[in-house]
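Number of protein chains: 2
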Amino acid sequence: MELVFREAKRDDLQRVVELIADDAVAARRTGSYGEPHVRAFEAIAASPDNELVVAEAEGVVIGVMQLTFIPGISRNGAARLLVEAVRVSRELRGQGIGRLLMEHAHERGRERGCALAQLTSDKQRPEAHRFYRNLGYEQSHEGFKLPL
Amino acid sequence: MELVFREAKRDDLQRVVELIADDAVAARRTGSYGEPHVRAFEAIAASPDNELVVAEAEGVVIGVMQLTFIPGISRNGAARLLVEAVRVSRELRGQGIGRLLMEHAHERGRERGCALAQLTSDKQRPEAHRFYRNLGYEQSHEGFKLPL
Numbered sequence: 001m002e003l004v005f006r007e008a009k010r011d012d013l014q015r016v017v018e019l020i021a022d023d024a025v026a027a028r029r030t031g032s033y034g035e036p037h038v039r040a041f042e043a044i045a046a047s048p049d050n051e052l053v054v055a056e057a058e059g060v061v062i063g064v065m066q067l068t069f070i071p072g073i074s075r076n077g078a079a080r081l082l083v084e085a086v087r088v089s090r091e092l093r094g095q096g097i098g099r100l101l102m103e104h105a106h107e108r109g110r111e112r113g114c115a116l117a118q119l120t121s122d123k124q125r126p127e128a129h130r131f132y133r134n135l136g137y138e139q140s141h142e143g144f145k146l147p148l
Numbered sequence: 001m002e003l004v005f006r007e008a009k010r011d012d013l014q015r016v017v018e019l020i021a022d023d024a025v026a027a028r029r030t031g032s033y034g035e036p037h038v039r040a041f042e043a044i045a046a047s048p049d050n051e052l053v054v055a056e057a058e059g060v061v062i063g064v065m066q067l068t069f070i071p072g073i074s075r076n077g078a079a080r081l082l083v084e085a086v087r088v089s090r091e092l093r094g095q096g097i098g099r100l101l102m103e104h105a106h107e108r109g110r111e112r113g114c115a116l117a118q119l120t121s122d123k124q125r126p127e128a129h130r131f132y133r134n135l136g137y138e139q140s141h142e143g144f145k146l147p148l
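If you're matching them up, the sequences are chains W and F in order.
Here UniProt numbering is used: position 75 in the first sequence is 75, and no number is missing along the way.
Here UniProt numbering is used: position 136 in the second sequence is 136, and no number is missing along the way.
Careful, some of the hints might be misleading.
As the list makes no split between identical chains, a pair holds if one copy fits it or if it spans any two.
Dumping the calculated SDA-like pairs for lysine to any residue here, alpha-carbon to alpha-carbon at most 20 angstroms [to be verified]:
{"no.": "1", "residue 1": "145", "residue 2": "58"}
{"no.": "2", "residue 1": "9", "residue 2": "96"}
{"no.": "3", "residue 1": "145", "residue 2": "26"}
{"no.": "4", "residue 1": "145", "residue 2": "93"}
{"no.": "5", "residue 1": "9", "residue 2": "43"}
{"no.": "6", "residue 1": "123", "residue 2": "47"}
{"no.": "7", "residue 1": "145", "residue 2": "134"}
{"no.": "8", "residue 1": "123", "residue 2": "60"}
{"no.": "9", "residue 1": "123", "residue 2": "42"}
{"no.": "10", "residue 1": "9", "residue 2": "135"}
{"no.": "11", "residue 1": "123", "residue 2": "145"}
{"no.": "12", "residue 1": "145", "residue 2": "2"}
{"no.": "13", "residue 1": "145", "residue 2": "135"}
{"no.": "14", "residue 1": "123", "residue 2": "2"}
{"no.": "15", "residue 1": "9", "residue 2": "84"}
{"no.": "16", "residue 1": "123", "residue 2": "85"}
{"no.": "17", "residue 1": "145", "residue 2": "28"}
{"no.": "18", "residue 1": "9", "residue 2": "127"}
{"no.": "19", "residue 1": "123", "residue 2": "140"}
{"no.": "20", "residue 1": "145", "residue 2": "45"}
{"no.": "21", "residue 1": "123", "residue 2": "147"}
{"no.": "22", "residue 1": "145", "residue 2": "100"}
{"no.": "23", "residue 1": "145", "residue 2": "91"}
{"no.": "24", "residue 1": "123", "residue 2": "46"}
{"no.": "25", "residue 1": "123", "residue 2": "22"}
{"no.": "26", "residue 1": "9", "residue 2": "93"}
{"no.": "27", "residue 1": "123", "residue 2": "103"}
Just so you know, the hints here were simulated from the structure itself, not pulled from any lab data.
None of the values given here were measured: they were computed from a predicted structure.
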């Protein structure tokens, strides 16, 4: 199976929302495809620091992730790559596609001059934590969220 | 003591780097003030999605934080506020300045349409974790980092 990584197009958005929502932890909070997702897609497309990336196999979108490139003063002025909303189509999980997605994320980060990748993962996802540790990530931080 | 919150200016940068570095966990990795910090400052200033904010009291910069506004598809298309590099001058810690900084962060997040604030804190900082929980943050995620 050949995988193509590319930026998501407007026509991919409904599929992207379905992928993000097809998840025990995120289902409730993602919502079903609608106007708020369209506005968010447009904001991502307009931002020079954000990319919504899809993985496509034989013309079908089977994975997604969002990349944010963030300049920063800490760590000797290192720019960071933030990875969010990583998903692989349910029926294709466990076949290494997530690893390829993440390798693509890291490549994009390096191309954009980032010296560090960072992400958070819900404490309810122990398999995801193992996945990131296996990719070399250090599980060094606590992650906090607050509704505004 | 009256506090003023404002975006950092180029002239604040050396002080900002000193504040970020004056910390047991971050000292080694921040580096001493130099060209990489200047480049990072310029990248932050040029980005519409990033703000380096300082707290000033009687003309002296006594606190800093970086805000990043991030559009996203998850959570029903909610934009997020990411808070990084929160520091208060060592001799003024424990007086509520950090709380005022964070309240300003949340206000800026709401002004920019963010529905969620998020941050990570090194597992070596239990007092910081208590501080964020006291502000209402849920300690719901594991945080991962990988050098690129």
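_Those earlier numbered hints the structure runs against, lowest number first_ = As far as the earlier hints go, 1, 2, 4, 6, 8, 9, 10, 12, 14, 18, 20, 23, 24, 26, 27 are violated by this structure, in ascending order.
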